[in-house]
Each structure stands twice: as structure tokens, then as C-alpha cells.
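Participant: Take a look at the letters that make up each chain.
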Amino acid sequence: MLNYQGRKDELLVKEKIRRLGSDRRGQALFMFGLGLRHPHHQYVLQHHPQVDFFEVHTENFIAEGGASLNFLSQVAERYPLSFHCVGLSLGSAAGLNQQHMRNIKKLLDLYQPFLFSDHLSWSNSSSAGTSNDLLPIPYNQESLKIFCDNVSRAQDFFGREILIENPSAYLQFKGSQIFEVDFLNEITRKTDCGILLDINNVFVSSQNFSFDPKEYLNRIEVAKVKEIHLAGHSIYNGLRIDTHSTHICKEVMELYGNFVQQHGKKIPTLIEWDEDIPEFSMLFNEMKKVQRAAQRVTK
Amino acid sequence: MQLKELQNKFIDALYDKALPNLLAEVVDGKRSAEDLLAVYRNNLFGNLTNALRITYPKTQQKLGQKKFQKLCHDFIKKTRSRSCNLDDYGEGFADEIEWLKHRAYLAPDVTPFDLARLIKLPPEKIFKLKFKLHPSCFLHKNFVIYRDRSLQVYAKKISRSEINFLCGVRDGLSLYEIYEAHDINIETCLRRYLLSGVLI
Chain W
0 MLNYQGRKDE LLVKEKIRRL GSDRRGQALF MFGLGLRHPH HQYVLQHHPQ VDFFEVHTEN
60 FIAEGGASLN FLSQVAERYP LSFHCVGLSL GSAAGLNQQH MRNIKKLLDL YQPFLFSDHL
120 SWSNSSSAGT SNDLLPIPYN QESLKIFCDN VSRAQDFFGR EILIENPSAY LQFKGSQIFE
180 VDFLNEITRK TDCGILLDIN NVFVSSQNFS FDPKEYLNRI EVAKVKEIHL AGHSIYNGLR
240 IDTHSTHICK EVMELYGNFV QQHGKKIPTL IEWDEDIPEF SMLFNEMKKV QRAAQRVTK
Chain A
0 MQLKELQNKF IDALYDKALP NLLAEVVDGK RSAEDLLAVY RNNLFGNLTN ALRITYPKTQ
60 QKLGQKKFQK LCHDFIKKTR SRSCNLDDYG EGFADEIEWL KHRAYLAPDV TPFDLARLIK
120 LPPEKIFKLK FKLHPSCFLH KNFVIYRDRS LQVYAKKISR SEINFLCGVR DGLSLYEIYE
180 AHDINIETCL RRYLLSGVLI
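Quick note, the sequences are listed as chains W and A, same order. Going by numbering that gives the first Met the number 0, the letters in the first sequence line up with residues 0 to 298, in that order. Going by numbering that gives the first Met the number 0, the letters in the second sequence line up with residues 0 to 199, in that order.
Bound-form chain A, shown alone (with noise of 0.2 Å):
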């Protein structure tokens, strides 16, 4: 069997089951071919489930151990890893926000927009001012997530209004437009947002 088969049909062995054809190209040694695959199965389930462990604390914490692992070994059969980075691995698997939160952890850093500048600024001038989303910030219903300025990772429930003014920042409207849009508090929101660094 060439190199590029065998291989293919390893994985294959690894995430459904053993194949015979590829059982024959194994030696058995001190146990049997099937149960030597299954090292490398028990190697694979393990490392996928850590990582789904680590992106998705609440959902384990939510449903135990025993169910959270069943939940995991269901995932990895139907949901083959595609990528040689872990932390790609694992949308789709519960929470989104989990998710989100996860993507935010490893989001670029980009300096957050400057207070300090703001606050020289006329007012005119700053409600002209189009300001971006932070890499790291995702708005998922009624949420915001985000990496502060210290890189901790937060989900917030948040009101009406701020995922207006948000959604109005992550369109590229100006201060100005998305007041006129929304007539929401843009002061409060705004030092609320610039203080999180999730403006830039």
C-alpha cells in the first residue's frame, strides 16, 4: 500500500473504526492490531477532548464530566479535525459564546484608542470621529465579547442601546450617525467601551 492510502486510511481507523485491510499492514506484537490502533484512537479522542475541554469550561461544568465526554467522543466522530492548530478545533460544538470567548483570547492585539486623545478633541470633532472594533470584540445577540486592555476575556449581557451603539461602530458609522440612528447615550457608552479598549 502506498504511503498516501495508508495514511488516509489510518485517520479513517482512528475516528470510525478499525479497517481490516489496514489491520493486515500492521504487525501484531505483544497485543493485537486493533488493540494498537486503539492506543493511537484513545490519543486522538483524548487530545480533541481537551481541547474542546478548554474552550468550553461552562458547558463541562454545566454537565459533568461523564456527560460532557459522551457529548465530546460524539462530536470528534462526526466533526474530524481539519487543522494542524488545535484551537481551530471546535466550532460549532455548544455555546457560541464559548466559542466567541475562545476566538477573542487568541484575537491580534492592536492598541486601543487613546483616552488621553479623546479628551483634546472639540466636541464637534469627536462625534465626526468613526472608531472600529477591536479584534478580539464579537457581538452574539445580547452580548458584547471582548479582550480588555488587561487581556482577560469577558461576555456581558448588555442593553438594547449599547448593542446599537456597537453594531453602529462595527458598520462604520460615525458617533454622530449612530446617535441619529438610535438616540442612545453615546457618552456613556462611549467611555464605556474606550475604557474597555474595545474601540479603536
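Extracted from the complex, chain W is given alone in its bound form (with noise of 0.2 Å):
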């Protein structure tokens, strides 16, 4: 039997090999996690949740100090961080914002999160102001290289691989001659950034716009993705919206378990859940909901 310090080595051994995300024969642990927001606060740092890790949006957390930098502190102690942010921009002709990108380095750098992501999607123009919203891209081969020249340029500041995440459209550009996710491959090519596969995301643009989700998914660069997101939508007079307001539904999580049996590659896999926020112990169950699934397809 462990004393007290040989059971606390051995948490900080297991802490360590979780950070690395693989076991202590080098296989890949399959990780699941949960986006950590704000009512969960407390009975997150109370209760000491069994999950693999907590992803936060970078941009709840550019404070100088405070309570909230104080709380994400004490996050990380227990748990593998991964941040995720929305307000690079990485697709705006205007470039990145200096600022905003020395904001999430100082974060970066203090906690040294395991994943790091931002979206297919821009959010900041040149004169007109900015949405703080994800919004659409018309791929073609000119914001390919802008969307491509951002990407690169905030690897080399930040000194690390970001991930990109397929966003949820609502509209498309007749200026787009490129399917979204050759677009995203591209993107990955020429950057040799990696992906944050959204199956989400993918259903609900597939209903918008007519296209299959399994040939989305057959066609993406697997070897690049390097997490996956899930989450529940709604629909509004017929146009799904990317809500994350309920459970996952029956599709997308059919969608990911054939996924993840195709490719029987461990992928870290997060559930989000922003708006209409349960208790945690409801988004805990759909976590553990998730976890099954993948297990049974990757026995």
C-alpha cells in the first residue's frame, strides 16, 4: 500500500502522463474533456471532476489580474488546459491585431495549454469595426492566402501549431469556388497547422447547404486532426444554428463514432456547452455519453 507520498507521486506521475496525453507504453489515451464556463466556477475547483481536460475561450481570460486569472490558475493546477479562442481573426484581410495577439501570448506562455485553436472564420475588418463573432469566409484562392499568410504569421509569434476549427455557416459567397473542407486541407498544407474537427459543425452546415457530412468527413486530412468538438444545435425555421444549447443529437453522434472507427485514431474529443448552461453533472453525463461511444467502436 502507497504512504501518502508515494500516492501523491503517483498522481503527479499520472498528472504528467495525462498532460502528454498517452500511457505509460506510449499509446495515446484517448482524452475527453469539457468546455469550462462560467457557472461551473466553483463546483469545478470544489469538486475535482474526473475529466481528462477543460478547454476555455482565450478571451474570457485577458485580464491583468483578478478573480478570473486567479480561478484559471487554479484550473490548471488539476487539469491539462486547452484554449480556445475566437477573436484571432486569422481570416481578415486587415491582418491580425497586435494587440489581441501579445493579450493570448501572455496567456500562452503562463499556462502553457496543451491544444490551441481558432476558427475557419474572421471577425475583424479594416475600417468598419468588428463583430467579435465567427463569420463566414468565401473560399477562394485570394483569402486562402490571407486566411494562409495569418496562420503562419501567428505561429511564428506564438512559437506553437494552432488548430483550425470548421466553423458553422449560415451563408455562402458566390465568390467561393473551393469546398470548405479542401479549403481547410489546404490551409493545413501550406501552414502545416493542424485541425479541430467541429462533426457539429459539419452536420449543421450540411443541412444548410446541401452537402453530404460523410463525404465532408472522408475528404478531411485525419492526420492533421488533432482534436475533436461536439455539441448540440437547434433549428430556426429550418436553418440550423450552432447554438450549443442541448445534447448532441442521434446524426453527429453517429457521425463521430463512425469517425472515430475509421480511423481508430485517438483523437482528443470535447463537448461544449454555452448557452441554456445545466448543471454540471448533466454536461458530465454527456461527456461520459460520448466516451462510450468511442470506446465501443474502439475496442
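The set of hints was computed from the structure by calculation and includes no laboratory data. Since this is a predicted model, take the numbers as computed values, not measurements. It is possible that part of the hints are untrue.
[Claimed, not checked] Label-pair distances were calculated between CB atoms; the ranges are:
| hint | chain 1 | residue 1 | chain 2 | residue 2 | range |
| --- | --- | --- | --- | --- | --- |
| 1 | W | E63 | A | E95 | 14 to 24 Å |
| 2 | A | D94 | W | H246 | 36 to 46 Å |
| 3 | A | K61 | W | Q45 | 28 to 38 Å |
| 4 | W | E63 | A | K129 | 17 to 27 Å |
| 5 | A | D94 | W | K287 | 40 to 50 Å |
| 6 | W | E214 | A | P107 | 42 to 52 Å |
[To be verified] Computed list of chain W residues with no C-beta within reach of chain A, every gap over 12 Å:
| hint | residue |
| --- | --- |
| 7 | H46 |
| 8 | H47 |
| 9 | K144 |
| 10 | Q171 |
| 11 | A222 |
| 12 | S280 |
For each residue, glycine too, the CB sits at the ideal point set by N, CA and C.
Each of the two chains sits in its own frame; use the hints to bring them together as a complex.
Facilitator: Right under this line is the structure:
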């Protein structure tokens, strides 16, 4: 039986293993995480739920000090963190906002998250202001060059890989000439960035634009997929909206199961729930449901 | 249309109204281009309203949900967000004290002056001390806004002598100079603001 110090050492080793995302034999661990939102902050600190990692929206922690950073530091002591940005605006023709980049870098240097991501989208214009939202890009050669230049600059500045997430989209531009997944694959080839595959977003866009989500998933550069997102969405007047406000739907669970089974790759998987946020226990159960589904098909 | 122009027009269309030459760039899908653009407009107004709700809880409480929404809508229409950080949005929206509380919440961590250090000093040295205000401390009319040692943020109405004391500290005066200028009870003020972590 281990004494206290032995137990503590064992826990530390386990923690280090978890941070690396592999077991003692170097086999990849299947990590399941949750998006950490404000209503659950105190619960997580008090109960230390068994979650492999937590993901935070990096922009929620751009403070110079105070309670939010204090909270993040406490979480980082116990859990591996993933930083998910919503404001780098990598698709902006206006380029990157240097002040925002410095703010994000400060957090990256401080917390050293094991994953770091933003979206295939833009939010800042050159002169009209910003939307603070994930806006769609026309997929063509001009935007591809701009996106790749911005990703390369950002990766050089941060000194690390960025994962790019496919967004949910509600409109398409006439100037789009490339299928989204091919556009995303091309970015990874040109910049060596990774992919954050949001299977709910693939499904939402596929329903809004009438394409086959399976074809999208078959075409994605699997070797570059370093994280998967799952969430629930809503339907308003026939349009699917990525609300993150409900359970993951059956079709998305099926797509996820098939993807994991087909590729047999243990990719860290995260469950997001950002609106109408339920009790932590419900979110935790949603994660366990996903975990069971993944384990069934990867046995 | 070049991407830079398209993005400027897109943002214009979200804050104001859909522009005909932008709509011509959008594919009509299951809904009209204008309806599809409205999804993004709703997101933008929703996100910024939410940011204002977080920063101005008392204003919302005072006005009620409906009036607050209307106030937000009018404010957003005339005040575009210019920062990638939503915490920067909302200055001048309503009560300045709520805005300063928000800034206090986000201010840098600086270790407050240690009371134990002070106790060891002889009175003549204490009177020569020049403190600074913690970066989370703001003075507004007859209010002090600050974040205490447990990271809670407060806005408190204070007396004229306390205002004079804190203004003196802010302006770089020694305790003796503050006393000379205002004839106030330095010991009471010092104790209160050292304990609350306002002085550094």
C-alpha cells in the first residue's frame, strides 16, 4: 500500500502522463474534455470532477489580474488545459491585431495549454469595426492566401501550432470556388497547422447547404486532426443554428462514432455547451455518453 | 469584390442594415440573403448585449429586461466594437461606477502593502511614507471603487476626508503632506485602506 507521499507521487506521474496524452507504453490515451464555462467554475474547484481536460475560451481570460485569472490558475494546477480562441480573426484581410496577439501570447506562456485553436472565420474589418463573432469566408484563392499568411504569422509569433476549427455557416458567398474541407486541408498543407474538427459544425453546415457530411469527413486530412468538438444545435425556421444549447443529436453521434471507428485514432474529444447551461452533472453525463460511444467502436 | 471591401461591407451590414451590393455577393439558400445575414446580425447584437449585461448588472436590474435590451440595441447601433476583447466594450453605456467596477475586476494583481511591515516602523518614518493606489482602485465623485484582498470588487460611498486622503495618495503625497493639507484622521484612513488592500 502506498503511503501518502507515494500516493502523491503516483498522482503526479498520472497527471504528467495525462498531460502528454499517452499511457506508460506510449500509446495515445483517449482524452475527453469539457468546455469550462462560468456557472461551473466553483463546482470544478470544489469537486474536482474526473475530466481529462478542460477547454476555455481564451478571450474570457484577457485580464491583467483578478478573480478570473486566479480561477484559471487553480484549474491549471489540476487539469490539462486547451485554449480555444474566438478573436484572432485569422481570415481578416486587415491582418492580425497585434495587441490581441500579445494578450493571447501572455496567457499561452503562462499556462502552456496542450491544445490551442481558433476558427476558419474572421471578425475584424480594416475600417468598419469588429463583430466579435465568427463570420464566414468566401473560399477562393484570395482568401486562402490571406488566411495562410495570417496563420503562418500567428504560429511564428506564438511559437506553436494552431488548430483551425471548421465553423458552422449560415450563408455562402457567390465568390466561393472551393469546398470548405478542401480549403481547410490546403491551409494545413501550406502552413503546417492542425485541424480542430467540429463534427456538429460539419452536420449543421451540411444541412444548411445540402452537402453530404460523410463526404466532408472522408475528405478531411485525418492526420492533421488533433481535436474533435461535439455540441448540440437548434433549428429555427428550417435553418440549423450552432447554439451549443442542447444535447448532441443522434446524427452527430453517429458521424462521430463512424469517424472514430474508421480512423482508429484516439483524438482528444471535447463537449461544448454554452447557452442554457445545465447543471455540471448533466454536462458530465453527456461527456460520458460520448466516451462510451467512442470506446465501443475502438475496442 | 476584394476580400477587404467585402469584410468592411459585411460589418457595415451587421451594424446598420443589409446593403444591396453586399446582398448581391451572397447565395440565396433555404432563405433569402437578407434573412441569412440577419442570423449573423442577431449573433452580433446578442454577443454585445451579453457583454453589456455582464458589465452593467445594476443598470439591467433597475431598468428591467425590456428597457435594458432597447438601451443596448440603441447603444450598439451607434457604438461599434473596435476591440477583439469584449471586456473593452461598453464604456459610456450607463452608470460609470459599474464600468469602473468592471475595470477593477480586470486590473493587474499587485501585492498590497504589508501591514506587518508598517507596525515595525517608528511613527516619524510612517509619516514620511508615500503609498500608491492599487491599480484596481478608482475614485469617482464621492465613491471609491476597488478590489479587496479576496478579489471581490466594491464601490463604496466615502466621506470627504477619505476622498482627500485617497486623492493625496493618488497624487503622490506623503502621509504628512496629506495631513498638513487636509487635517484628517490619517490613522483611521490608513488602517481602513491598508486592510482592504487599496494601498500598495
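Participant: Each hint should be assessed against the structure and marked as holding or not.
Facilitator: Hints, verified against the model:
1. At roughly 20 Å, the beta-carbon separation of E63/W and E95/A lies within the given 14 to 24 Å, and the hint holds.
2. At roughly 39 Å, the beta-carbon separation of D94/A and H246/W lies within the given 36 to 46 Å, and the hint holds.
3. For K61/A paired with Q45/W, a C-beta distance near 33 Å keeps the hint of 28 to 38 Å intact.
4. Judged by the Cβ atoms, the range 17 to 27 Å given for E63/W and K129/A holds: they are separated by roughly 23 Å.
5. The hinted window of 40 to 50 Å between D94/A and K287/W holds, with their beta carbons roughly 45 Å apart.
6. E214/W and P107/A have their C-beta atoms about 50 Å apart, which keeps the hinted 42 to 52 Å range intact.
7. Listed as a non-interface residue, H46/W keeps its Cβ farther than 12 Å from every Cβ of chain A; the least gap is roughly 21 Å.
8. With 12 Å as the threshold on Cβ separation, the claim that H47/W sits away from chain A holds: the shortest Cβ distance comes to roughly 21 Å.
9. Remark: the non-interface label on K144/W conflicts with the geometry, its nearest Cβ contact in chain A lying 10 Å away (cut-off 12 Å).
10. Not every beta carbon of chain A lies more than 12 Å from that of Q171/W, the smallest distance being close to 4 Å; the non-interface claim is violated.
11. Residue-level check passed: A222/W sits 29 Å from the nearest beta carbon of chain A, beyond 12 Å.
12. Every CB of chain A lies more than 12 Å from the CB of S280/W, the least distance being 25 Å, so the non-interface label holds.
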